[in-house]
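Sequence lines, in order, name chains A and B. The numbering used here applies: residue 1 is where the first sequence begins, and numbers increase by one. The numbering used here applies: residue 1 is where the second sequence begins, and numbers increase by one.
In case anyone wonders, no lab produced these hints; they're calculated from the structure. Certain hints may be false.
Just so you know, same-sequence chains aren't split out, so a pair can sit in one copy or run between any two.
Computed list of lysine-lysine pairs in DSBU-like fashion (alpha-carbon distance at most 30 Å, straight line) [as the list claims (entries may be wrong)]:
{"no.": "1", "residue 1": "K429", "residue 2": "K451"}
{"no.": "2", "residue 1": "K181", "residue 2": "K247"}
{"no.": "3", "residue 1": "K337", "residue 2": "K247"}
{"no.": "4", "residue 1": "K196", "residue 2": "K351"}
{"no.": "5", "residue 1": "K435", "residue 2": "K451"}
{"no.": "6", "residue 1": "K61", "residue 2": "K337"}
{"no.": "7", "residue 1": "K425", "residue 2": "K435"}
{"no.": "8", "residue 1": "K74", "residue 2": "K396"}
{"no.": "9", "residue 1": "K196", "residue 2": "K174"}
{"no.": "10", "residue 1": "K425", "residue 2": "K385"}
{"no.": "11", "residue 1": "K354", "residue 2": "K174"}
{"no.": "12", "residue 1": "K181", "residue 2": "K36"}
{"no.": "13", "residue 1": "K36", "residue 2": "K174"}
{"no.": "14", "residue 1": "K2", "residue 2": "K337"}
{"no.": "15", "residue 1": "K181", "residue 2": "K196"}
{"no.": "16", "residue 1": "K247", "residue 2": "K354"}
{"no.": "17", "residue 1": "K451", "residue 2": "K425"}
{"no.": "18", "residue 1": "K88", "residue 2": "K385"}
{"no.": "19", "residue 1": "K425", "residue 2": "K354"}
Chain by chain, the residues run as shown.
There are 2 protein chains.
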Amino acid sequence: MKNSNQKILIIGAGLCGSLLALRMAQRGYQVQLVEKRPDLRDITQDAGRSINLSLSDRGLKGLRLAGVEEAALKLCIPMYGRMIHDAKGNTFMSNYSGRDGECINSISRPGLNMLLLDQAEAMPNVSLIFNKGCTHIDLENASATFEDYNTKEEVTYSGDIVLGTDGAGSVVRKAMFDNRKLLFSFSQQWLTHGYKEITIPATEDGGYRTEKGALHIWPRGEDMLIALPNLDGSFTVTLFAPYANTKYCLDNLTTPEMVTQYFSQEYPDAMDLMPNLVQEFFDNPTGPLGTIRCSPWHCYEKTVLLGDAAHAIVPFYGQGMNASFEDVFVFDEILNKFEGDWKTVLSEYEKARKQDTDAIANLALDNFHEMKEHTASALFQEKRKLEMTFEGEFPKEYFSKYSLVTFNEDISYHQAMTRGRAQDKTILKLLIDGKLPDTMNTREKLTVVQKQTNAMLHESDIAGKLK
Amino acid sequence: MKNSNQKILIIGAGLCGSLLALRMAQRGYQVQLVEKRPDLRDITQDAGRSINLSLSDRGLKGLRLAGVEEAALKLCIPMYGRMIHDAKGNTFMSNYSGRDGECINSISRPGLNMLLLDQAEAMPNVSLIFNKGCTHIDLENASATFEDYNTKEEVTYSGDIVLGTDGAGSVVRKAMFDNRKLLFSFSQQWLTHGYKEITIPATEDGGYRTEKGALHIWPRGEDMLIALPNLDGSFTVTLFAPYANTKYCLDNLTTPEMVTQYFSQEYPDAMDLMPNLVQEFFDNPTGPLGTIRCSPWHCYEKTVLLGDAAHAIVPFYGQGMNASFEDVFVFDEILNKFEGDWKTVLSEYEKARKQDTDAIANLALDNFHEMKEHTASALFQEKRKLEMTFEGEFPKEYFSKYSLVTFNEDISYHQAMTRGRAQDKTILKLLIDGKLPDTMNTREKLTVVQKQTNAMLHESDIAGKLK
Chain A
1 MKNSNQKILI IGAGLCGSLL ALRMAQRGYQ VQLVEKRPDL RDITQDAGRS INLSLSDRGL
61 KGLRLAGVEE AALKLCIPMY GRMIHDAKGN TFMSNYSGRD GECINSISRP GLNMLLLDQA
121 EAMPNVSLIF NKGCTHIDLE NASATFEDYN TKEEVTYSGD IVLGTDGAGS VVRKAMFDNR
181 KLLFSFSQQW LTHGYKEITI PATEDGGYRT EKGALHIWPR GEDMLIALPN LDGSFTVTLF
241 APYANTKYCL DNLTTPEMVT QYFSQEYPDA MDLMPNLVQE FFDNPTGPLG TIRCSPWHCY
301 EKTVLLGDAA HAIVPFYGQG MNASFEDVFV FDEILNKFEG DWKTVLSEYE KARKQDTDAI
361 ANLALDNFHE MKEHTASALF QEKRKLEMTF EGEFPKEYFS KYSLVTFNED ISYHQAMTRG
421 RAQDKTILKL LIDGKLPDTM NTREKLTVVQ KQTNAMLHES DIAGKLK
Chain B
1 MKNSNQKILI IGAGLCGSLL ALRMAQRGYQ VQLVEKRPDL RDITQDAGRS INLSLSDRGL
61 KGLRLAGVEE AALKLCIPMY GRMIHDAKGN TFMSNYSGRD GECINSISRP GLNMLLLDQA
121 EAMPNVSLIF NKGCTHIDLE NASATFEDYN TKEEVTYSGD IVLGTDGAGS VVRKAMFDNR
181 KLLFSFSQQW LTHGYKEITI PATEDGGYRT EKGALHIWPR GEDMLIALPN LDGSFTVTLF
241 APYANTKYCL DNLTTPEMVT QYFSQEYPDA MDLMPNLVQE FFDNPTGPLG TIRCSPWHCY
301 EKTVLLGDAA HAIVPFYGQG MNASFEDVFV FDEILNKFEG DWKTVLSEYE KARKQDTDAI
361 ANLALDNFHE MKEHTASALF QEKRKLEMTF EGEFPKEYFS KYSLVTFNED ISYHQAMTRG
421 RAQDKTILKL LIDGKLPDTM NTREKLTVVQ KQTNAMLHES DIAGKLK
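Just chain A, same shape as in the assembly (with noise of 0.2 Å):
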């Protein structure tokens, strides 16, 4: 078979691991995936913290390619636009989309990724590693040190090519970034914010206590609550809170009365859907939130980033695993085009994909600010309104920003951002000048929209080309 004399190894068998694993395996080649946790389809899962992540297009793009979309389908539940809860407790559906059946998906952290090991598993040629931590990686030979987490025995693994998938705190990029030869430019963003996780419990008979296909948000300005549902009918809810500086902020919160003041002030009708709300807050860990940016993403013509590893992000647009799906999209179009030449795949992976998913962080960060700020102002609202009834009386010639990052894959994040920002500035100022009054029918609103949105993406072309 194609490909079969040619070994790969790759570390980290999260969701980028596992599918690229997959796909890896699926092109011929002998697959061995090593990750440092148990195999999560051995232990049970702590029913409190059912994580969640939202799947949309650009990773059901990934599924696909591998042929595992229709099995991933069956884990999800479609979230049809943001329902926002005012401070006031009023509730309004703020869609995702104006055209029809556009919409993102819910679905269970650990579910797919068993999903995805089950499918790995099932190929002849992938062997799969569990309870392995890599102690030292030999970035120039492609091989690598684990110790067994049990035994602390240790063994060296090597490879044709290395692929680093092990995540925002990689141990493959330490190794690149303690290389000194390798001039190897990085970045980590923290933001002053950090998350924390509740539960919305199942009512008793399984039901869902509030809108089961919603992703729901509390924006309160610097803080926030969002909740996204679970096949068992519970939600998993995450704050988003300052550390500092703030009277109810995270270094704040340390007894059981500052926590019940604080939800009860801001956020009363969410509190009345979490009956577990102070144990939890106080049991669960507090995480924080970072973006990690690096470059070259490959060294030595051997081994190379995809996924976290590559570009961690804030989770704000919902497009972390969709971005580490499309990574391995992308890298199988790379090897469409130059596969058994490591040195051309490597470097014309990392040419074809950075724009993109720097353009994807920043998105991520602007997301943050439209989320716990924005969503619930006025003007906000008017632009989304007027965004929706374009998509929804002109499905073909308009798509929001939101849109063309989440429903439109066959462009990418770079494009996305950069039409989308071009649009968003565009409406707002024309909103706030009085220029598209109710006289005007929705075509006409359209067309001046679209008009200066070319003349904007016109002009920035131009200052590009000054600079």
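Please build the complex by placing chain B on the supplied structure of chain A, with the hints as guidance.
Just chain B now, with coordinates in the frame of chain A:
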């Protein structure tokens, strides 16, 4: 004496650390200044590596504060502009300013460092300690352990406060990076170019082989040479070239033949001035060019980074040392306001300074492209000529970006960047569009440029608010 009960531990006795030690001693603190290298006043300088830097108004402001400006100026050679050497061997001077007397200065790095060490040592409350490399820092308790270079003995020093001035490779910063509790944001970005130093020796009677009062540039698109004069009649030349992917990239310049071929083709006039070119090319190391940004600069109300340790930049604006000396000036201003309250001093210092060091980092990167590419272009020269005319005829009304950054030390780097970039874009656009014809007089041209610059600044102000 005021502050005499407070002990300051300064790690790193380079330019920033030694000026800071002097100034803190003048304020009455007990200062311990620890350096990993030997005392450079005791060792013979390698005559072939007389490294020079450019000293300008912001640096002089810091030296003036500590009473060492006059002594430093005695070590300076004024440079009034860029002497451009084109590919055909033609030269022309492009002044730094249209105002009289505005210049930057070439100064020997070791010469200035020795001056500052002498001045610091003359203070009764400064203790200088050399040959001790920091091996561990206890950030929470403001103490640090050092190993003696010769005896290998360990010693621990502590202070009320630790000031980390240990340069781009700072171990103080690394301790903050490694401390996961701090959520330390960090970025290191390397250019794909490296640099190499070569000497133009003095003539036999100690004269200069080319114009003394200029910074020389040989711009060649992707590569360039620059040269700054030394007091002994020599010049220090620096080659900037890509590591890879061009015919004469650094990775390819591996034989005397290749080096000779490269220089005789690209820099024949400079080559005539460098009799030891090949020897020095292979004797001297190749250095990388990086930008380092981080935040927070301080932690535990006990430690703060200053100078390159906090913000290393590429050398293309000649502002690295100047920014570090301005750090000392700003830190001193903050002490004037908040002395006695270290928590506030450290956080207010970063708040006051961070935006400006980020700005000069960006400006220095911009200038890399300007120097190697644009200085040779007709459009760029037309712009500079116009700006010189503005500055000459209306010296109090117009300041080019270069002047704002270099000669206007009363406005911040960030203000200089914002206004300077808008001016540059405006003038280039007006020139391209033919909107500054010869039929207009200088006053009319200036009015158009100022009006459109202000409009652009107003626009981007609005865009910032809409974002």
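Hint by hint, here is what the structure shows:
no., hint, in the structure
1, K429 - K451, "both (13 Å within a copy, 22 Å between copies)"
2, K181 - K247, "between (47 Å within a copy, 21 Å between copies)"
3, K337 - K247, "between (56 Å within a copy, 27 Å between copies)"
4, K196 - K351, "between (36 Å within a copy, 28 Å between copies)"
5, K435 - K451, "both (13 Å within a copy, 26 Å between copies)"
6, K61 - K337, "within (19 Å within a copy, 58 Å between copies)"
7, K425 - K435, "both (14 Å within a copy, 29 Å between copies)"
8, K74 - K396, "within (29 Å within a copy, 71 Å between copies)"
9, K196 - K174, "both (27 Å within a copy, 28 Å between copies)"
10, K425 - K385, "within (15 Å within a copy, 36 Å between copies)"
11, K354 - K174, "both (19 Å within a copy, 27 Å between copies)"
12, K181 - K36, "both (28 Å within a copy, 23 Å between copies)"
13, K36 - K174, "both (16 Å within a copy, 27 Å between copies)"
14, K2 - K337, "within (15 Å within a copy, 72 Å between copies)"
15, K181 - K196, "between (39 Å within a copy, 16 Å between copies)"
16, K247 - K354, "between (40 Å within a copy, 26 Å between copies)"
17, K451 - K425, "both (13 Å within a copy, 24 Å between copies)"
18, K88 - K385, "within (21 Å within a copy, 62 Å between copies)"
19, K425 - K354, "both (25 Å within a copy, 28 Å between copies)"
Of the numbered hints stated above, none is contradicted by the structure.
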